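Asks: Sequence:
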Amino acid sequence: PRGCHSVYKLETGYELLSISKLSKHFRWQINMTQSSLLGELEVEVEIKSPAEKFYHMYAGRPHHVAKSTPRNVQACDLHDGEWGEVGSIIFWNYVHDGQARVAKERIEVVEPEKKIVKFRVLEGDLMEEFKSFVTPKQGGNGSIVKWHFEYEKIDENISHPETLLPFFADMIKEIDEHLLQHKSHCDKPVKYCGAMAGIETLDLEIQVNMPADRFFNSFKNKKGSFTDKTEAVSIYHDDTNYNSSIQIWNLIVDGKMEQIKEKTEVDEENMSVSFLAMEGDVLEQYKSYKITLDVVPRDDGVCIAKWKWEYEKLNVDVPPPTKYIAFVADYTRELETRLLSES
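Be aware that the sequence shown starts at 1, since it is given in full-length UniProt numbering, and climbs by one per residue.
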């Protein structure tokens with residue numbers, strides 16, 4: 001495997017906690033420290049499988065993960081020790097961003113009572129870019145699976161690893177679907193892929209290293225929130241009485257040009273902006289699609305950009321809009337960089 005030199009450490013783990021009610025919900029969070037080399041990522045995915053099953057799959061039978069999500073993980077081999085035992089060495093083959101990658105890990109913590117397992121990466125592709133990486137996970141029966149990352153980049157030229165968020169979200173959902181399809185006979189029947197999903201939500205939180213009013217004001221100025229990923233924007237209709245406008249954006253999403261016509265409403269008192277899709281590429285897959293941005297100030301001179309998606313799929317085969325999550329994560333970071341460079 002590549003990246004054998006000791007420039008990167010990785011710990012992974014997760015904790016699964018039962019909850020009483022399940023709603024269709026994804027959540028992303030990105031926190032940045034004042035240092036541009038340090039950061040945190042977090043993804044939460046609600047699943048329908050019992051916490052015990054999900055934990056057993058990943059802690060005790062990680063070699064079965066490839067059967068559950070072959071699109072993301074091709075193999076998991078035991079190099080030393082026993083499955084699910086501390087000190088054992090396992091080797092992953094997976095695909096991230098369209099590239100075949102590897103990771104060699106040592107199991108460091110196994111706590112079945114708390115449903116916690118932690119791994120440390122010894123070798124692998126991410127070691128070529130990151131110095132440290134930590135990932136825990138949580139969920140339950142009708143559960144929330146949480147994967148948390150803490151990382152330190154080798155240098156400022158390395159991008160923050162936001163693309164890992166949709167990767168892990170897709171992997172978790174495919175493992176969940178596999179577990180539901182292979183439930184024991186004593187389980188109650190679960191209809192997972194039959195009915196329409198209805199309105200679903202996603203959340204993304206990103207720490208922005210500037211005061212909240214400065215970041216929010218870039219959205220008040222209709223042409224102030226552009227980045228390299230927003231090729232063009234035009235104001236189709238502007239209603240100053242209601243702080244709303246209809247805008248047409250050309251965006252580069254997942255390497256492809258897309259266009260969206262949306263109604264934008266600005267709530268200055270609460271530092272909130274909503275974007276409702278009216279026409280465009282996104283509505284080829286979703287019956288409705290709305291994003292809301294809330295800018296939350298903090299005492300230390302930074303703010304939190306809280307993005308929320310509300311969407312309804314046209315059919316059950318449509319994936320969650322994870323590519324738009326990755327786009328908005330990159331967009332927020334690029335907008336932050338541009339605004340800071342203008343100060």
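Think of the hints as simulated: they come from the structure by calculation, not from any bench.
Values in this document were obtained by computation on a predicted structure and should not be read as measured data.
Hints may contain errors.
[Stated by the list, open to error] Derived CB-CB ranges, DEER-like: (1) Trp-83 with Leu-340: 41 to 51 Å; (2) Asp-213 with Ser-341: 10 to 20 Å; (3) Thr-337 with Asp-300: 17 to 27 Å; (4) Leu-37 with Gly-301: 36 to 46 Å; (5) Asp-281 with Ile-154: 29 to 39 Å; (6) Lys-323 with Gly-60: 16 to 26 Å; (7) Leu-38 with Asp-299: 17 to 27 Å; (8) Lys-323 with His-79: 28 to 38 Å; (9) Asp-299 with Ile-252: 29 to 39 Å; (10) Glu-268 with His-63: 36 to 46 Å; (11) Glu-279 with Glu-111: 31 to 41 Å; (12) Ala-100 with Asp-299: 24 to 34 Å; (13) Asp-213 with Ala-100: 27 to 37 Å.
Built from N, CA and C at the ideal position, the CB exists for glycine as well.
Asks: Look at each hint and say if it fits the structure.
Replies: Evaluation of the provided hints:
no., hint, in the structure
1, Trp-83 with Leu-340: 41 to 51 Å, "47 Å, holds"
2, Asp-213 with Ser-341: 10 to 20 Å, "18 Å, holds"
3, Thr-337 with Asp-300: 17 to 27 Å, "19 Å, holds"
4, Leu-37 with Gly-301: 36 to 46 Å, "19 Å, violated"
5, Asp-281 with Ile-154: 29 to 39 Å, "36 Å, holds"
6, Lys-323 with Gly-60: 16 to 26 Å, "32 Å, violated"
7, Leu-38 with Asp-299: 17 to 27 Å, "20 Å, holds"
8, Lys-323 with His-79: 28 to 38 Å, "34 Å, holds"
9, Asp-299 with Ile-252: 29 to 39 Å, "36 Å, holds"
10, Glu-268 with His-63: 36 to 46 Å, "54 Å, violated"
11, Glu-279 with Glu-111: 31 to 41 Å, "51 Å, violated"
12, Ala-100 with Asp-299: 24 to 34 Å, "45 Å, violated"
13, Asp-213 with Ala-100: 27 to 37 Å, "45 Å, violated"
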